[in-house]
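Residue numbers (this note's numbering), protein chains in the order written: chain W, 1 to 214; chain D, 1001 to 1256.
Hint data in this document are derived by calculation from the structure and do not stem from the laboratory. Keep in mind that the hints are not guaranteed to be accurate.
[Said to hold, decoys possible] What follows is a set of in silico ranges between Cβ atoms, one per label pair, in the way DEER data are often shown: (1) W:Met156 to D:Val1090: 46 to 52 Å; (2) D:Ser1060 to W:Ile53: 20 to 26 Å; (3) D:Arg1064 to W:Leu116: 24 to 30 Å; (4) D:Ala1052 to W:Ser45: 42 to 48 Å; (5) D:Ser1106 to W:Thr71: 30 to 36 Å; (6) W:Gly188 to D:Val1090: 27 to 33 Å; (7) D:Ser1060 to W:Pro159: 21 to 27 Å; (8) D:Ala1052 to W:Asp75: 24 to 30 Å; (9) W:Pro159 to D:Arg1064: 23 to 29 Å; (10) W:Gly46 to D:Lys1117: 53 to 59 Å; (11) W:Glu157 to D:Pro1061: 20 to 26 Å; (12) D:Pro1020 to W:Pro186: 43 to 49 Å; (13) W:Ala57 to D:Trp1092: 23 to 29 Å.
A virtual CB, placed ideally from N, CA and C, is assigned to each residue, including glycine.
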Amino acid sequence: MPAFSAQPLSSQTGFRRTSHKPQAPAPPTSLRYTVGAVDKTHSDSGTFEDLAIPRFASLYRFACWLTQDRTAAEDLVQETFMKALKGFASFQQGTNFHAWIYRILRNTFLTSKAGLRAHVSLDAEDAAPLEPLTAATPETNLLARLDSETIQNALMELPLHLREVILLCDLEEMSYREIATAMGIPIGTVMSRLARARKAMRSLLAEKIQGEPR
Amino acid sequence: MTCALDPIQLQAYVDESLSPQELAAVETHMRECAPCAAEALAKLQLKRNTRAAAADFASSPEFRMRPEFRNRMQKQLVQPTRRPWMTARVQWASALIMALVLIVASTTVVLHRTERKHAIAELLDLHVATMASPNPVDVISTDRHTVKPWFQGKLPFTFNLPEFENSRYKLLGGKLIYFEHNPGAQLVLGLNKHQISVFIVQAQPPQFPSDAGPTSNTEQGFSVETWSHAGLRFFVIGDTSPADIHALGDLFRAAM
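With the hints as extra help, turn the sequences into a complete structure.
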């Protein structure tokens, strides 16, 4: 495989990124990282109305993914806003409202019947070491050509705890710190769970690609 | 093939969560390591495709937000916070102020009604006394050009008298009265065998709305109509029908 172009990947894929020119000397083979140093977390202040209304549509979208049912998603969003309004006095102005209200929604869902059914104990799984990086296979190169429906089906097949971490990161564009606040877990757990979620996602997609008639 | 690059590091690169120094180091590494670069590209593509697919999901017909739900939620979200300053304490204070305002307003209305009744009663007494007197008027004349000048020097104001010649009403005369300690004019007019008093006073009792249109009512069987104009208040009182009283009032209002 030829060496990859020196052009940043973000510009090749069209993905939004901040521009950083690689001017530092070559890194050591084992990198120490301080992930989260680039924190997209922002602080919010204002009335409940000002903060809640702009997030209404995205909360509903996330609720649809959690519940997989429109009526249940509506009930979940409504209950979330009622709880958030009631507890708004406890929200510290200047902190992250986005993560705060997602946490309410998530906790509301997890204490519902559907949420209790989907909830599993994750302690052992989150503590397990990650596998070393492996080279991309030809199947991973097919990921770019997958249609929306296939990806949606794979997402739906993911266990709830993996699905939500992917959605919060990729769909809601939350930082690791925001996801940690919303899910009530450490940042390190967010990162390891996200890695597992993406690996599981790729496995499911690979199965679907192999199952397709060629 | 495996690489020493930490998979979490590569993931953080895709999620834009590296510091500038870490980002530079990873990108330098990827320039030299084709497998890592390909893996990063695959991760970025998956992330981009996942975002697009996940966003499409909620806009599908099965999950598209129903307008009635949107409207209901908008009402619920806007109503409770429309007045963020409206705490329970402020609401109580507002309710108390409103109650006090209502009490003051209703008391004022009751007091004005009582005062108004007293004023009408005083004028009714004057009218009845005039009707009972053997000398009901001080100036006896059917000519308005005689009656009006008679008040000169007796009243601190003047007024216009209508022409009664072609009307059903006949001017009988006038007299000086005192209403609420102020001098005023009482004109006596005849309609068939009925006698009607027209009182013109300078006082503007607060119980009567100033410069408002004529108001009519019946007091103790007498028809009463009152209105104000140019700082003067007019009362027409008689035992005829309210329509006759109103028609006479129209004549006076036309002469102003």
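Hint check results:
no., hint, verdict
1, W:Met156 to D:Val1090: 46 to 52 Å, "49 Å, holds"
2, D:Ser1060 to W:Ile53: 20 to 26 Å, "24 Å, holds"
3, D:Arg1064 to W:Leu116: 24 to 30 Å, "28 Å, holds"
4, D:Ala1052 to W:Ser45: 42 to 48 Å, "32 Å, violated"
5, D:Ser1106 to W:Thr71: 30 to 36 Å, "51 Å, violated"
6, W:Gly188 to D:Val1090: 27 to 33 Å, "47 Å, violated"
7, D:Ser1060 to W:Pro159: 21 to 27 Å, "22 Å, holds"
8, D:Ala1052 to W:Asp75: 24 to 30 Å, "27 Å, holds"
9, W:Pro159 to D:Arg1064: 23 to 29 Å, "26 Å, holds"
10, W:Gly46 to D:Lys1117: 53 to 59 Å, "57 Å, holds"
11, W:Glu157 to D:Pro1061: 20 to 26 Å, "21 Å, holds"
12, D:Pro1020 to W:Pro186: 43 to 49 Å, "24 Å, violated"
13, W:Ala57 to D:Trp1092: 23 to 29 Å, "37 Å, violated"
Violated hints, in rising order: 4, 5, 6, 12, 13; the structure is consistent with all others.
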